[in-house]
Amino acid sequence: MKKRLSILTLSVLFIGCVPAPKPTVSIGTGIGTRIGSSTQNDSEYGRQPRNYASAIRNYFSSRLRHPKGASFQTSAPKRAYKRKGLAYGGDVAWKGWLVETRIAEQSRTGRYHTPIPHMVLFSGDQIVEDILGSSHKLITIVDK
Amino acid sequence: MANFNTHFTVASGASAVVSATLLSMEVVSPEQAVIAFAIGILGGLLPDVDSSRSTSIKVGFNVLSLLMTIMIIFVKSSTYSLVEMLIVASLVFMGIRYALLEFFRKISKHRGMFHSIPVAIIWGIVIAIVSQWFFDLNSLVSWVYGFMITFGYFVHLILDEIYSVDLGNRRMKKSSGTALKFGMFKNRQQQIQTVIIYLLIPLLFSVAPNTELIKTALFSHEAWLTFTDIILPYDGKWFFH
Numbered sequence: 001m002k003k004r005l006s007i008l009t010l011s012v013l014f015i016g017c018v019p020a021p022k023p024t025v026s027i028g029t030g031i032g033t034r035i036g037s038s039t040q041n042d043s044e045y046g047r048q049p050r051n052y053a054s055a056i057r058n059y060f061s062s063r064l065r066h067p068k069g070a071s072f073q074t075s076a077p078k079r080a081y082k083r084k085g086l087a088y089g090g091d092v093a094w095k096g097w098l099v100e101t102r103i104a105e106q107s108r109t110g111r112y113h114t115p116i117p118h119m120v121l122f123s124g125d126q127i128v129e130d131i132l133g134s135s136h137k138l139i140t141i142v143d144k
Numbered sequence: 001m002a003n004f005n006t007h008f009t010v011a012s013g014a015s016a017v018v019s020a021t022l023l024s025m026e027v028v029s030p031e032q033a034v035i036a037f038a039i040g041i042l043g044g045l046l047p048d049v050d051s052s053r054s055t056s057i058k059v060g061f062n063v064l065s066l067l068m069t070i071m072i073i074f075v076k077s078s079t080y081s082l083v084e085m086l087i088v089a090s091l092v093f094m095g096i097r098y099a100l101l102e103f104f105r106k107i108s109k110h111r112g113m114f115h116s117i118p119v120a121i122i123w124g125i126v127i128a129i130v131s132q133w134f135f136d137l138n139s140l141v142s143w144v145y146g147f148m149i150t151f152g153y154f155v156h157l158i159l160d161e162i163y164s165v166d167l168g169n170r171r172m173k174k175s176s177g178t179a180l181k182f183g184m185f186k187n188r189q190q191q192i193q194t195v196i197i198y199l200l201i202p203l204l205f206s207v208a209p210n211t212e213l214i215k216t217a218l219f220s221h222e223a224w225l226t227f228t229d230i231i232l233p234y235d236g237k238w239f240f241h
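If you read the protein sequences in the order shown, they are chains A and V. Reminder that position 70 of the first sequence reads as 70 in our numbering, one-by-one numbering, no gaps. Reminder that position 34 of the second sequence reads as 34 in our numbering, one-by-one numbering, no gaps.
Derived lysine to aspartate or glutamate pairs resembling DMTMM-like cross-links, with alpha carbons at most 25 Å apart:
1. 68/A - 130/A
2. 68/A - 229/V
3. 68/A - 26/V
4. 215/V - 100/A
5. 215/V - 129/A
6. 215/V - 130/A
7. 82/A - 212/V
8. 76/V - 91/A
9. 68/A - 31/V
10. 144/A - 212/V
11. 84/A - 31/V
Derived from the structure by calculation, the hints contain no laboratory data.
This is chain A alone, in the form it adopts within the complex (with noise of 0.2 Å):
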């Protein structure tokens, strides 16, 4: 049993040790760049998608269960990566602005849930994925 138990510890431990990649956030200070302005372009994570709350409504328009009344609301994008589930190789798969938003939707019976939050990732002006939640492990979100 201890030794099961150790096993299982040091699983556990080699989980929660997987290295987590250092951004490196590069903040635009050349001439030209206006102090602030890291959010505008960056090298790193592309460019701050536009019309970021009319593109999350039309995505979901067509992925929700029960679009019709859904209401939306949007968080400021923030630059965010995320990493592939330790199954595929635990690599950074993604790195762009990810939006926060809360959706409340109808039930089938005609009920409103609580909003629901999820997270939106875009890649530019083009939404890559959604994640339902306000937070996933392999998700870091660097602005905070």
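Place chain V on chain A using the hints.
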């Protein structure tokens, strides 16, 4: 004590009811409901893995060795040649199916801590962690799978306790109380094991996926309302919606 077939049948029935309910409550998609059903059955067989000659241990290690072999092929298929993959996959399969199984048979004791409530909870957390960290599933689905393994596990433990009642002679069998227990406290070694098991729970929770969504989906007032909505036809029409 219930046998393999009884555990399999009861776990299948119970998992079918729960996964269908989750599907109907729109917590999971149809594909996820099928996986949840399978995980529930697995949970219902898992406790007997500590019995060295049980069918569960053979089935469990067959499934585990095949899963790990497939995973290795998945991960390495882009870099390894066919021969390299064949060698690594064979080593992984043989290592788990035979070497690890033999090792496990030597160290495990039937009806030890494996048949306990905290271990059922630990399995749920471990499945949630693996689902998110390894397979990139979202927090809700990861916890649904974790919930299903713990649910199946509980079904097994409760069934074992039910079978420890001898209805004919109206007495409790010797095995009574050895399945659905909070820990083992008879001697110092058992007490240490129990403490370690309980300490593991918060440790695992610290690396587990966020629980916000599963709480809302299954353990909230809203979940209860959603559940009551789906019991009977909401529009009053039976079968013709």
